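K.L.:
Listed below, chain by chain, are the residues.
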Amino acid sequence: DQQVKQNSPSLSVQEGRISILNCDYTNSMFDYFLWYKKYPAEGPTFLISISSIKDKNEDGRFTVFLNKSAKHLSLHIVPSQPGDSAVYFCAADGSGNTGKLIFGQGTTLQVKP
Amino acid sequence: EAGVAQSPRYKIIEKRQSVAFWCNPISGHATLYWYQQILGQGPKLLIQFQNNGVVDDSQLPKDRFSAERLKGVDSTLKIQPAKLEDSAVYLCASSLGVLKRSEQFFGPGTRLTVL
Chain W
33 DQQVKQNSPS
43 LSVQEGRISI
53 LNCDYTNSMF
63 DYFLWYKKYP
73 AEGPTFLISI
83 SSIKDKNEDG
93 RFTVFLNKSA
103 KHLSLHIVPS
113 QPGDSAVYFC
123 AADGSGNTGK
133 LIFGQGTTLQ
143 VKP
Chain E
315 EAGVAQSPRY
325 KIIEKRQSVA
335 FWCNPISGHA
345 TLYWYQQILG
355 QGPKLLIQFQ
365 NNGVVDDSQL
375 PKDRFSAERL
385 KGVDSTLKIQ
395 PAKLEDSAVY
405 LCASSLGVLK
415 RSEQFFGPGT
425 RLTVL
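Keeping their order, the protein sequence lines are chains W and E.
Using my numbering, the first residue of the first sequence is number 33, and each one after it goes up by one.
Using my numbering, the first residue of the second sequence is number 315, and each one after it goes up by one.
Please note that a few of the clues may not be correct.
Here are some chain W residues pointing at chain E (derived, C-beta under 8 Å) [said to hold, decoys possible]:
hint: 1; residue: ALA73
hint: 2; residue: GLU74
hint: 3; residue: GLY75
hint: 4; residue: PRO76
hint: 5; residue: PHE121
hint: 6; residue: GLY136
hint: 7; residue: GLN137
If you are wondering where the hints come from, they were derived from the structure by calculation, not from laboratory data.
This one's a predicted model, so the numbers in the text were calculated from it and none came from an experiment.
Even for Gly, the Cβ is constructed at its ideal location relative to N, Cα and C.
Start from the sequences and build out the full structure, keeping to the hints where you can.
P.N.:
Given below as structure tokens:
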């Protein structure tokens, strides 16, 4: 039972354009969401998060949008840079107050120069 | 500040053999996590420690996997005996606290191949 889903395995965009990565979840009890970025041979690193009391959170070039009614969140990267090429994981904080994260399958972003 | 350290980085074994992974979290971090990431999937939590006590091991296959965190610092994850489906990257992460929204910092992982 996949509670967090990233249905696009890969995405390719041109440098300078917008990258939009999508994530869907099934459990309406999730109230905190995170995006992690992963380069090859490295562990995931935290990128940005959003609480369910908000519908948008912005940090520089990165913005996360949350649509609770649709159980959908998206990560926007504007403008995209070649260094953004990585695997992006969406995660939900899924278990009370223990900090347990439930990850999606990941989307590989390639930003072409 | 030193990050989460893991060793070995790569390991190749045959099925039915045993293997152990080691993790040294960031100094002062109370919570330590072991995740399994199978190719094409996201990381899946295997076990979570707070100091040296287990918070969550609901997804740990206890018939073959074991983990310990002695003295609330370093941790080892063991697989005995290994199966083909255990081929994955094993990620260790740590966080300062145990509550949600305490950022998790990940190590580089150990890539296990079971032949």
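K.L.:
When the hints from earlier in the document are held up against this structure, which numbers fail?
P.N.:
The structure breaks none of the hints.
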